[in-house]
Amino acid sequence: MAKKKKMGLKQKYALLTRGLDWETTYQPMDKVFPYDKFEGIKIKDWDAWEDPFRLTMDAYWKFQAEKERKLYAVIDSFSQNNGHLGLTDARYLSAVKLFLTGVSPLEYMAHRQFAHLGRHLRGAGPRVAAQMQSLDELRHAQTQIHTISHYNRYFDGFHDWQHMHDRVWYLSVPKSFFDDAASAGPFEFLTSISFSFEYVLTNLLFVPFMSGAAYNGDLATVTFGFSAQSDESRHMTLGLEVIKFMLEQDEGNVPIVQRWIDKWFWRGYRLLSLVGMMMDYMLPKKIMSWQEAWEMYFEEQGGALFEDLARYGIRPPKYHDVASKEKDRISHEVWAIFYQYTHAAGFHTWDVDEAHKAWLSEKYPNTFDKLYRPRLEMWKGMADAGNRFYNNALPQLCTTCQIPMGFTEPDDPSTICFRSSEYGGDTYHFCSDGCKDIFDHEPEKYVQSWLPVHQIYQGNCGGASVEDVLKWYHLNLGTDNMAYEGSPEQKLWSQWMAGRHPVAAE
Amino acid sequence: MSFQIKTLDIEPRRQTFAYIARRFGADRPASRYEEATYDVQARTNFHYRPIWAPEYEIHDENRTAVVMADWYVFKDPRQFYYATYNQSRAAMNQVLDGNFDTVEERGMLARVAPEWLATAKAYLVPLRHYEWGANMNNFTIADYGYGTQITSAAAFHAADRLGMAQVLGRIGLLLDDQTGASLDEGHAAWTDGAEWQDLRRAVEDMFVVEDWFEVFVAQNLAMDGILHPLVFDHFDAAGQAHNGAPLSMLTGFMVDWFKDSSRWVDAVIKAAAQESDANRALLSGWYATWSARAVQVARPLADRVLGDVGMGEGAEAAVATVAEQLNARARKLGLDV
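Line order of the protein sequences matches chains A and B.
Each step along the first sequence adds one to the number in my numbering, with nothing skipped, and position 29 is 29.
So the number in my numbering is just where the residue sits in the second sequence, counting from 1, plus 1000.
No lab work stands behind these hints, which were simulated from the structure alone.
Treat the hints with care, as some may be off.
To be verified - Mimicking DSS-like on lysine-lysine, the simulated pairs with C-alpha atoms at most 30 Å apart in a straight line are:
1. A:67 to B:1121
2. A:62 to B:1121
3. A:10 to B:1121
Unchecked claim - Label pairs and their in silico Cβ distance ranges:
4. A:254 to B:1067: 42 to 52 Å
5. A:460 to B:1005: 46 to 56 Å
6. A:468 to B:1053: 33 to 43 Å
7. B:1094 to A:395: 49 to 59 Å
In this text, a Cβ means the ideal position worked out from N, Cα and C, and glycines have one as well.
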């Protein structure tokens, strides 16, 4: 008997997936799917959804299992062979610490929130797409934990990442970002995470961390990055499909989507200022400057995307011009914040050396020498005199992005930018017009913000002294925090390197 | 002589993450399941309440009436995290693919009695919608559940259900020469066929249950505990008299899956019931309601399938047998039955 021709994955997918759904009659559809109408997005035809993944579960299991086999082989080998000794420098790990405590918990949150969508979107196509992304995101959270687990065994600041994520002042920046998306309706969530984050900004978040790993000898993390790449391209495709689907379904959706794009562009951009700092200051071997990344990935690629979306009546996100004005400033401004609050952080900062300053000067010819070099040199002088600068006053935070108010006026890099709004008899403070606009549109949401500094003053963070608060964070004082110079990590690293290059000594 | 590679011996400064060391009372090397599962979900200091459910936090213990001092006592006996889960299912699927190839290449379905083939098609294909419903219900648990341990396993369980809905669809395609006609007929039977309506009503009723732990008991213990053994054991056994063995090769995935996943379902029920009398009473009540419902919806299906092949008088006994097995299982897990 002749073997029948095997069906293609796509055809098989359509027959085996789309047809599973039915119109419920014993319970009303609106009760079974209660959340996909209240945001005002009108969907006339769920079947018009173009499924971006088109995978049946058997193919999913097969591909993913194979990817995991390869990834874990590398992780095991890395661990077995003391792979951490191949890093460019232990200072690189500040970037990984920021990633595990700030980004990995968001991967997990994405898993849960896509599970919410995978249950609650009315159309079978988008529901299955959300389900697969939910599984992928769980993968990313778990493989990141496993990859970084090795570093936790040898280095500081990794040991209690989830506890820290729920409490530490600067981690409220990524946490509030994702909580904001997760507490929104399903279509806003898709716009925020799938489109704005995964599609528009992913080359400025995930990719710099993974490229940083590649440049700095972090074989384990970069292998994870490559392994996640095919998942991420699926997610990017979903992000673009979501936007087009909403825009094509009903004209009335356009202004709603535009407002979300405006909001989530700014929300994402502010979060990325931490990545900018990482790129310009934390990587011993640098990939490119934040400014170069912004120009390539947002101004050029993003520009082309928004030209394409113009036919739907979508314009580039509000305040994108402000972001471009700030591109030679924000990484320096954020580094300055973390340098002076390193005693309250789970990673180290350090005094920037001459070669690094020369690089910054070359990459930021209009700003570095004039605005930031003098400050770094002043701090270096203080440190050399045995008086390393730590700021013991608690900073004021922006109510929306929760970053300390260290950003400057769009047209004046020497003046801190302050904005404020009145609501319910109280005054709320913001770092920018973008953050103020977001608050003003939904003040009832943002007045709920768990602002770390307010919480400390209210006595909700372990006690009245800085030390009480840091213990409540579960920071190991004197090891996780403070300057890299003189840290236990630096001492160990020097010992390991000395043992590793005996011929190089004298 | 022994083969010995000298390696750099660097003493680790700690064996595992602090949250694992605290939980197990010692800084000892942890398994991958432990590091990627325990205490991963955010617990506190959420910034905003969901605008679609402002009575709850983003993750909230109060989304179920079950009360646990610690939500990480639901250890999955299979210790599935993403990698091991996918590897397990990929391996199971490889066996299934092999079986499909064998059945197809050797034309084995031609040996099955035609009336049994027609009957099997009539009960297997519509059942894919039941699995799809179970997929939704388990994503409800992954969504609203509390703690990574139970929610990650629920997400895997949900993916299994989509996978099995697709296996049942593949069987349909094999039976209809890849035209998809059987899938259309199955869909029509599911939405309109008399013997399916009690079941469909139960599935839709589960969709609107608000307490996710009740959904767990209803779907994963009660409904599956009746339907899976009835369909994949009893119906399949009835088919053996009609040379149904090739079909057994195609449904073997479901049999293996049920054994495998029941270990997890049992561990969850047992841990929750053991926690307190109040939990036990709650779970027992849900079990009573939903197992009775499962028996009720199974009956018309059993009458139809076994009746079709002249074994209708065995329908009552088949349902009674699976019901008794399930009751015994529930009793063993600590429920009052």
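Going through the hints against the structure:
Pair hint residue 67 of chain A plus residue 1121 of chain B does not hold up; C-alpha atoms about 36 Å apart against a cutoff of 30 Å. Note on residue 62 of chain A and residue 1121 of chain B: the hinted pairing holds, with a Cα-Cα distance of about 27 Å set against a maximum of 30 Å. For the suggested pair residue 10 of chain A and residue 1121 of chain B, the alpha carbons sit about 24 Å apart, so the restraint of at most 30 Å is met. At about 47 Å, the CB distance of residue 254 of chain A to residue 1067 of chain B agrees with the hint of 42 to 52 Å.
In this structure, residue 460 of chain A and residue 1005 of chain B meet the distance hint of 46 to 56 Å, their C-beta atoms being roughly 54 Å apart. Range check, residue 468 of chain A to residue 1053 of chain B: Cβ separation about 35 Å, and the 33 to 43 Å hint holds. At roughly 56 Å, the beta-carbon separation of residue 1094 of chain B and residue 395 of chain A lies within the given 49 to 59 Å, and the hint holds.
In this structure, only the earlier hint numbered 1 is contradicted, and the remaining ones agree with it.
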